[in-house]
Each structure stands twice: as structure tokens, then as C-alpha cells.
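Peer 1: Sequence:
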Amino acid sequence: MKGRVMRSTGSWYDVLLDDGTKLQCRIRGKIRLEGIKETNPVAVGDLVDVSPENNEGVITAILPRTNYIVRQSVKKTGHAHVIAANIDQALVMATMMMPRTSTGFIDRFLVAAESFRIPQVIVFNKKDLLDTDSLAYQSNIIKIYEPLGVKCIVTSALVTEQPEAEEVLSGKTTLIAGHSGVGKSTLINQLSPAINQKVSEVSDYTEKGTHTTTFAEMFQLNDSTFIIDTPGIKEFGLIDMTPEELSDYFPEMRGLRLNCKFGSRCLHVNEPKCAIKDAVEKGTIALSRYENYLSMLLNEDNRK
Numbered sequence: 012m013k014g015r016v017m018r019s020t021g022s023w024y025d026v027l028l029d030d031g032t033k034l035q036c037r038i039r040g041k042i043r044l045e046g047i048k049e050t051n052p053v054a055v056g057d058l059v060d061v062s063p064e065n066n067e068g069v070i071t072a073i074l075p076r077t078n079y080i081v082r083q084s085v086k087k088t089g090h091a092h093v094i095a096a097n098i099d100q101a102l103v104m105a106t107m108m109m110p111r112t113s114t115g116f117i118d119r120f121l122v123a124a125e126s127f128r129i130p131q132v133i134v135f136n137k138k139d140l141l142d143t144d145s146l147a148y149q150s151n152i153i154k155i156y157e158p159l160g161v162k163c164i165v166t167s168a169l170v171t172e173q174p175e176a177e178e179v180l181s182g183k184t185t186l187i188a189g190h191s192g193v194g195k196s197t198l199i200n201q202l203s204p205a206i207n208q209k210v211s212e213v214s215d216y217t218e219k220g221t222h223t224t225t226f227a228e229m230f231q232l233n234d235s236t237f238i239i240d241t242p243g244i245k246e247f248g249l250i251d252m253t254p255e256e257l258s259d260y261f262p263e264m265r266g267l268r269l270n271c272k273f274g275s276r277c278l279h280v281n282e283p284k285c286a287i288k289d290a291v292e293k294g295t296i297a298l299s300r301y302e303n304y305l306s307m308l309l310n311e312d313n314r315k
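Residue numbers for the sequence shown follow the working numbering, beginning at 12 and rising by one.
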């Protein structure tokens, strides 16, 4: 029997079988895919072989993944935690306030997705809370990302009808990520009220959300549309990526990096005749993107 992992709690997995039924499964023995040091052998979105056993199931094999997206494991240095596998696009929800999402977090997420050539979407939520200055700031951020091929949507998850979001998600498997409190669960509830995700409250004092999603979980909106809700993720760790490779996952840098004096060896920091630094000075590469590139290069914390 074959199926798709819909939910992982670490030891048990909810699997949607090809016949449409769900089966709670566990792993027997060690299951590993070659080529990645991971802390979780089975991830949401994995296609698996299942053997039924006493009204439960045993996952006997993981089928090859078309892609996956990871973060640095918080438990084991140098190991990845696979957030989701076999996804068509990666969507990050951002808010300009309550809580405010930094461009550092957005760029770290986009780079993680770009490293596997996964199309990216940014949903700017809570537009109803923004004043004139915040709206202008949000508009300027959108002007940075749309030319890079990133789909940008502005919405309020409190609105019942979400036609633009529905169109973007239709027929695809989409990973949805973002800080706690940005409105992921609210949006999911609007798209499919039957899902009934718990909604977090945002503290007026800290403007931080509480974690209401404990485990990554996939939901089926219709026969061909799936969304994967992830726990509030503080930081995406970029692993298995050399310093020289990093700029290749910034689309606006990718085409310029070979024009640097040192070519593909240039890190775009202090090197002379650097095409990337020249583009930043001319304004053709956004300063925020370059600063976030340097932050990732130096492995600085992008939790804010």
C-alpha cells in the first residue's frame, strides 16, 4: 500500500492512503534516505510504502523525494530537520506589525526554498492594522521581491473570501510558514473552515504570538490541493551550502556574480571589483537583501 504522510508527531505518522482512507503508522527499524543527515527520517509530504498491521500501519520505505525544505536541527549540529517534502511551492506569511516579520527571516526562507528551486510566495497579512507609513513600507518591500519572481499577496486573514490565495494554492501542495501570530491558522480556517485550526493570540506587550501548531501537518482542501502548516519557526538554518554558493540563491545576484574579478570565488564582502557590491551601490540590488546575504554568510541570527 502507498500513501502520503499528512502528520508527523515524531513517533507516529498519519498517512493518507491512495484509496482515500487514513491510517496511523509507525516506523519499524531504521529508515534513512541517502545524501542527507536528518534528525527526522520521515517528513510530512513523504510518499511511503505501508504495510497494514492490527488496524495500524508500518512504514516500510520512503519513496524518492522530488524536493524538500529544511531547517537547522536545534538538537544536533550539522544535521537537518526536514520540514516538508514533495512540495510545489513554499509560502511565507509576513506581517508588518503584531508581530513584525523581518526581511532577514523572509530572505532566509526564500533562500532555503530557492536552493531546491521551489517557487516562492509571500503573503503579507493584517493589512487592516497598518497605518499610512506601514503601508508605504510594505509596498516598498513588495517592490523588492516581485521583480525576483516571488508572488506577493496582500490580505487580511479575517476576511472570509480569499480568492487570490485560493487561486495561488489551487492544484498544488504548498508549505506555509511564518512566525507564530502572523495568521497562518486563521487563513487556513478561512480557506477550509472544516479544518478548524486553533488560532493564537498576540500579546500586546511583546507583539509575539503563542505557538498553536506543535507539529507540521498537511491538510487536503480538495482532491488536488494540499497545504502544509508548520510550527512557528524562529529560524531557518541554511546547511550543506558553501559560502561561495550562497549568492547563487539570490536571483538578482546569480547573473552578476561571474562578473566579479574573482568570479565564482568572490564572497562579495571586501573583494575589489565586485559586481555585486557595485550593484548595491547603484541601487539595482536592494541594500536589505545584501545585508541579509552578509548576515547569512556570517551565520548571524535572523530570529527577529
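No wet-lab data here; the hints were simulated from the structure.
Some clues are possibly wrong.
[Unchecked claim] Below, computed lysine-lysine pairings styled on DSS-like, alpha-carbon distance capped at 25 Å:
#1 13 - 33
#2 272 - 284
#3 154 - 138
#4 154 - 293
#5 33 - 183
#6 13 - 41
#7 288 - 272
#8 138 - 162
Peer 1: Which hints, by number, does the structure contradict?
Peer 2: none
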